[in-house]
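Visitor: Chain by chain, the residues run as shown.
Number of protein chains: 2
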Amino acid sequence: MKVFIVYAHPEQNSFNAAMKNLAVETLTGAGHQVQISDLYTMKFNPIADYYDFMERKNSEFLSLSAEQMNSSIHKRFAEEIQQEQDKVLWADLILFQFPVWWFSMPAIMKGWVDRVFAYGFAYGHIDGVPQNLSGRKAICIMTTGASEESYSLKGQKGPIRDWIKHIEVGMLEYSHIKVLNPFVVYQPEYISNEQRISYLDRYKNYLLDLEAM
Amino acid sequence: MKVFIVYAHPEQNSFNAAMKNLAVETLTGAGHQVQISDLYTMKFNPIADYYDFMERKNSEFLSLSAEQMNSSIHKRFAEEIQQEQDKVLWADLILFQFPVWWFSMPAIMKGWVDRVFAYGFAYGHIDGVPQNLSGRKAICIMTTGASEESYSLKGQKGPIRDWIKHIEVGMLEYSHIKVLNPFVVYQPEYISNEQRISYLDRYKNYLLDLEAM
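As given, the protein sequences belong to chains A and B, one line each in that order. The first sequence lines up with residues 828 to 1040 when you count with my numbering. The second sequence lines up with residues 828 to 1040 when you count with my numbering.
Read the hints as simulated data drawn from the structure, not as lab findings. Misleading hints may appear alongside valid ones.
Each pair may be met inside one copy or between any two copies, as identical chains are not told apart.
To be verified - Calculated lysine to aspartate or glutamate pairs in the EDC-like style (CA-CA distance at most 16 Å, straight line): (1) K902 x E976; (2) K984 x E906; (3) K964 x E882; (4) K829 x E906; (5) K829 x D913; (6) K984 x D913; (7) K884 x D865; (8) K984 x D919; (9) K981 x E907; (10) K984 x E838; (11) K1005 x E887; (12) K984 x E1000; (13) K1005 x E1038; (14) K914 x D865; (15) K1005 x E975; (16) K884 x E838; (17) K1031 x D865; (18) K902 x D913; (19) K1031 x E852; (20) K914 x E882; (21) K964 x E976; (22) K981 x E838; (23) K981 x D954.
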């Protein structure tokens, strides 16, 4: 299986980083191919703008949707976007791994979606032919600052999947990607080392079971 | 009334820009004070990282929440964050104006929230005293790429407020800001000039009625 990990965390020694490293090791060890976009390390620019396009359909007025469609048709995206789109097309499975910030993904990853999941690439039609990312699966791998209890059905916040509907349904299913159950680590910052190790064990087994999903 | 407009759109001649300019003109004309953060023009950096803090509690390991709390206590945020927090504290009403991208705000605005609505500033406790932004109101002023019909109750997407719950409830109400009904312009890119002018008229009246809300 070809697995693409899109990863965002600013600290190289974080629990998130440990999970990311474990995923690369475990998946590679199991014979899968892995590519990774470590957005902080890449200093990925999350701000969609005119420089997303090597050529403009209209250089006087910037309509992102019109320019995205034009670049999808004529393959004129900026290289940093094209490279990410190539990884998406290559992948059977995409893991989005991030700490939940404000009930969503960090801005650096939101901007990756804004720029890479372009009109004419992730959705829309070209010459009547639907463009989407069907045939792929995706999973949100998340860490939280709040407790599992607060994200429970009757907790203060309620179920985490209700909050990330704009990601799982809005971004991924909208692009015809099949979304699998997320893997959530609650409060890695506040739990014991034993609990952290237990989470890593569970994550390893989860990754080894992926093929069957 | 003191109104703070947080605005994100990459095109200076867009319909969004026209709405932003109209808001400044109308609100100022009605005797309100207005401050604006035009995130694209400011080239606001949306990536939360170590440089958010003038001083670190722990320079070896970056925990954003721990450093945000430390900077909240000791007033040690980087100047670009402090300036935005000052505008938030100054404001009675905050208008978040943006095009809806992927059922959320553009990354440049998400990063503004990640960095400015810090732990110890927008939520959390310091010495047992709750920190939040109560006493303020906020409104999402949005444009969409999809039609009003698709965002209707039985439309393809369903009601837009369900999608932006992570913004209105997750980011704003969580920070004890009172959220007023959003103002939504559907598909400004695809409607007639007359319809655009009609939307601007409605927006002007909406702004003039704000005091009563």
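Visitor: Evaluate each hint against the coordinates.
Guide: The hints, checked one at a time:
In this assembly of identical chains, K902 and E976 lie within 16 Å of each other by CA distance neither inside one copy nor across copies; the values are 47 Å within and 32 Å between. Proximity of K984 to E906 under the C-alpha cut-off of 16 Å is found in neither arrangement, the shortest distances being 40 Å within a copy and 32 Å between copies. For the identical chains of this complex, K964 and E882 are neighbours neither inside a copy (31 Å) nor across copies (42 Å), given an alpha-carbon limit of 16 Å. For the identical chains of this complex, K829 and E906 are neighbours neither inside a copy (22 Å) nor across copies (44 Å), given an alpha-carbon limit of 16 Å.
In the homo-oligomer, the alpha carbons of K829 and D913 lie at most 16 Å apart inside one protomer (12 Å), although the nearest pairing across protomers, at 47 Å, exceeds that limit. Taking the shortest alpha-carbon separations for K984 and D913, neither the intra-copy value of 37 Å nor the inter-copy value of 28 Å comes in at or below 16 Å. Taking identical chains as interchangeable, the C-alpha atoms of K884 and D865 are never at most 16 Å apart, the minima being 31 Å within one chain and 26 Å between chains. With identical chains, the CA atoms of K984 and D919 are never at most 16 Å apart, being 33 Å at best within one copy and 26 Å at best between copies.
Taking identical chains as interchangeable, the C-alpha atoms of K981 and E907 are never at most 16 Å apart, the minima being 43 Å within one chain and 38 Å between chains. Taking CA atoms no more than 16 Å apart as the test, K984 paired with E838 passes in neither setting, with 26 Å inside one copy and 36 Å between copies. Neither within a single protomer nor between protomers do K1005 and E887 lie at most 16 Å apart by alpha-carbon distance, with minima of 38 Å and 39 Å respectively. Only between protomers do K984 and E1000 lie at most 16 Å apart by alpha-carbon distance; the minimum there is 12 Å, versus 24 Å within a single protomer.
For the homomeric pair K1005 and E1038, the shortest alpha-carbon distance inside one copy (14 Å) is at most 16 Å, but the shortest distance between copies (46 Å) is not. In this assembly of identical chains, K914 and D865 lie within 16 Å of each other by CA distance solely inside one copy; the values are 13 Å within and 33 Å between copies. Taking identical chains as interchangeable, the C-alpha atoms of K1005 and E975 are never at most 16 Å apart, the minima being 25 Å within one chain and 27 Å between chains. Only between protomers do K884 and E838 lie at most 16 Å apart by alpha-carbon distance; the minimum there is 15 Å, versus 40 Å within a single protomer.
In this homomeric assembly, K1031 and D865 never come within 16 Å of each other (Cα to Cα): the closest approach is 20 Å inside a single copy and 44 Å across copies. With identical chains, the CA atoms of K902 and D913 are at most 16 Å apart within one copy only, with a shortest distance of 11 Å there and 44 Å across copies. For a Cα distance limit of 16 Å, the shortest separation of K1031 from E852 inside one copy, 10 Å, qualifies, whereas the shortest one across copies, 57 Å, does not. Neither within a single protomer nor between protomers do K914 and E882 lie at most 16 Å apart by alpha-carbon distance, with minima of 22 Å and 38 Å respectively.
Neither within a single protomer nor between protomers do K964 and E976 lie at most 16 Å apart by alpha-carbon distance, with minima of 28 Å and 29 Å respectively. With identical chains, the CA atoms of K981 and E838 are never at most 16 Å apart, being 33 Å at best within one copy and 43 Å at best between copies. Taking the shortest Cα distances, K981 and D954 never come within 16 Å of each other, neither inside one copy (48 Å) nor across copies (28 Å).
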